[in-house]
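A.B. asks: For reference, the chains in residue letters:
There are 2 protein chains.
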Amino acid sequence: MSELSDRILAAVDANFEAQIELTQALIALPSKRDAEHEAQRFMADALAARGYAVEEVATDAKAISDHPGFSPISVDASTAPSIVATHHPRIEAGRSLILNGHIDVVPEGPHEMWTRHPFDPWRDGDWLYGRGSGDMKAGLIACVAALDALRSIGLQPAARIHVQSVVEEECTGNGALACMVAGYTAEAAIIPEPEDECLVRANCGVLWFEVAIAGKPVHVREAGIGANAIDAAARVTASLRKIEARWNAEAPAHPHFEHLDHPINFNVGRIEGGDWASTVAAWCRMQCRIAIYPGDDPAVRAAEIEGHLRQDLADDPYLSSNPPTVTWNGFFARGYVLEEGTEAEQTLVRAHQAAARAPLQTLTTPGYLDGRVFVIYGGMPCLVYGPLSEAIHGFDERVSLSSVRRITGAIALFIAEWCGLEAIDVDEA
Amino acid sequence: MSELSDRILAAVDANFEAQIELTQALIALPSKRDAEHEAQRFMADALAARGYAVEEVATDAKAISDHPGFSPISVDASTAPSIVATHHPRIEAGRSLILNGHIDVVPEGPHEMWTRHPFDPWRDGDWLYGRGSGDMKAGLIACVAALDALRSIGLQPAARIHVQSVVEEECTGNGALACMVAGYTAEAAIIPEPEDECLVRANCGVLWFEVAIAGKPVHVREAGIGANAIDAAARVTASLRKIEARWNAEAPAHPHFEHLDHPINFNVGRIEGGDWASTVAAWCRMQCRIAIYPGDDPAVRAAEIEGHLRQDLADDPYLSSNPPTVTWNGFFARGYVLEEGTEAEQTLVRAHQAAARAPLQTLTTPGYLDGRVFVIYGGMPCLVYGPLSEAIHGFDERVSLSSVRRITGAIALFIAEWCGLEAIDVDEA
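Sequence order for the protein chains is A and B.
Mind the numbering: the first sequence is residues 1 to 429 in the numbering used here, read in order.
Mind the numbering: the second sequence is residues 1 to 429 in the numbering used here, read in order.
Hints in this document: simulated from the structure, not taken from any laboratory.
Glycine included, each C-beta is placed from N, C-alpha and C at the ideal position.
Incorrect hints may have been included.
Just so you have them, the derived chain B footprint on chain A, three or more residues with Cβ under 8 Å [claimed, not checked]: (1) 35-44; (2) 109-122; (3) 282-296; (4) 390-396.
Full structure from sequences and hints, please.
C.D. replies: This is how it looks when you write it as structure tokens:
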């Protein structure tokens, strides 16, 4: 390891308590969907204070709805902007870079299931707890901290860098897409999602849809002549499990997925239906999610689901003549495979080895990643690589602080090699 | 038919348009659970205007919670009073009577499923439409109208009569129970529930319960290690269907139920669960209802359900160690059988024959009735007998106006024979 690398990692270490404090302050802002405004102001202020040129990028349906990466915007879509902070070097000498993280967090669920308040982050040994700690405020702040560490030893990237804090990663991916459509591109991107210090080689696409079922309510004394929409919903779920099984059986045909038992997960994440215990339920709605393989066209897979339901429910005494309504109301997003052996990847291999003293592993992940925007539509390598976490989307979500320190070091070293470094102008410093 | 009977039925006919108007005005007050206050003021005013002594009876948990007919009171229990209007004759000559109806209506469901607004009642041919038209505002007003008809020809009952407009019939039965505990009893009761002009010979008891399931939320990419509470809820429902089947198989052992295919209906009437399409659902709650046979002890049947779930879910990989929580949160009510051949029944047989020109049929109904309060705990015959209706608890609920006219006539004739009649004091008239 070079003497410069040592200095950079030492600077990351020296700044680390301040980095944790910044992370905790961000976790304390509950940036659930369409409630990211305050957290985005916090990010914009933090980035502007560091001298970056900060811009807001709205998720403007008009601007992106014709883009092939667009996901349908539903009524509860975020109205908060994405934030893009740009660093310009004095002399463009290296390769440009996007450091991207998402600000949105998923709902925290019943508070009584948490050990402490999910938006009052707390530390316990190596773990930092709180909703969004792992997914992915620690990673987002790691991008800022990597640059802070360089700055603390009088250095800055010798190339253009955009730090992006985007919305809508947990539901549509339209925030990252809007930033790209707005013109923010680079020669590589890093997204420090909580990937256990591995590099994501391949990931699934995701479709979101609502299944709505109208029942035929009657007094329960006449239950035989009514059709309970809640019961019918369970039959639709069972039918969708067949699609899930069929798509999982395709895994051997998909490189990077052939070794996975169950890459395609179907999930009913939310349900509501009916009005009264003694009334046969007149309606039921389910919010569903299913994965697709890289290369799959969301429109083709969506049509396959609709066709399957029509065919599979043809024998259902009620649903055959009262079919469920399927609405595509969120993610309509492709998966991607990261090409092997790019210079960006080789740079990360070296940076990770130096920071973590371990070889970089790769993995395939069956969840959505904004990486697809950069890889598929931006034509650049996107390195999704971030800290060890547990229970993201669950209770007592947490991120490993020692892991955050390692990946922050690796990102700082990546910047040093990829972008090159220059001395900060004395007037600026 | 006697000349008096003719006069009474003619008076019912003469008053009938006014009766429909009163019924419509009552339907227009959306008296869903804990929103009955305005409708009860309307009833109290209408009854006071007729000269009855009107009292409010609160559903006071302290007063009734030790009563064997008590059902658990949940947080959404009604705070509206029941209304009791009492007629005292000048001279007590006949037998006392309670005319009982419930003011509460069940939720109307999605408005777009109705032809017109559910609380803007409308007539089409013989049908009067609106939520609560059949169940049971037409019947409740029929009690008032039967007395009005007698009054219009200068007559009033020669015995004490209580007209009761009670709350909580659709969820606990505590409204009628509170009136009985408050001391209102009589030698017979009539409840004009929508029973297609039949007399209810037997009916089921009903249990309400909530099933709450805690899941183990994780990101859906790790769905295999999470347990989706919505999926688990469907497995609990399937298990409860086994209880339903077992109890239905007992029907041959229960007099008045032996000829019914499916007297025991289990219903999941409401469900909610989960927070996010891409999060394995952390929680799910179902509002359930099941029937029990007359003679069944609610506590014994409730214990049977809990024991069944423990045993039946013992092999479930998730629910065996994370059992559902069952909470008895409403009806905890016995069924009853109306003894055959009472004088009250014989009186109704004659009254119905005269008013409807058809013999009185009896039936067994698999739904809850407040009749159990009077029969089991009041020791009096309770004649549940009311008009033809369609789609109670459903969309476009409606009641047959010609049927309402017939049962109003029958009730008036019943009063004339059971209570006897006396001339209204000239000063009062």
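A.B. asks: For a quick check of understanding: which of the numbered hints are violated here, in increasing order?
C.D. replies: Violated: hint 1 alone.
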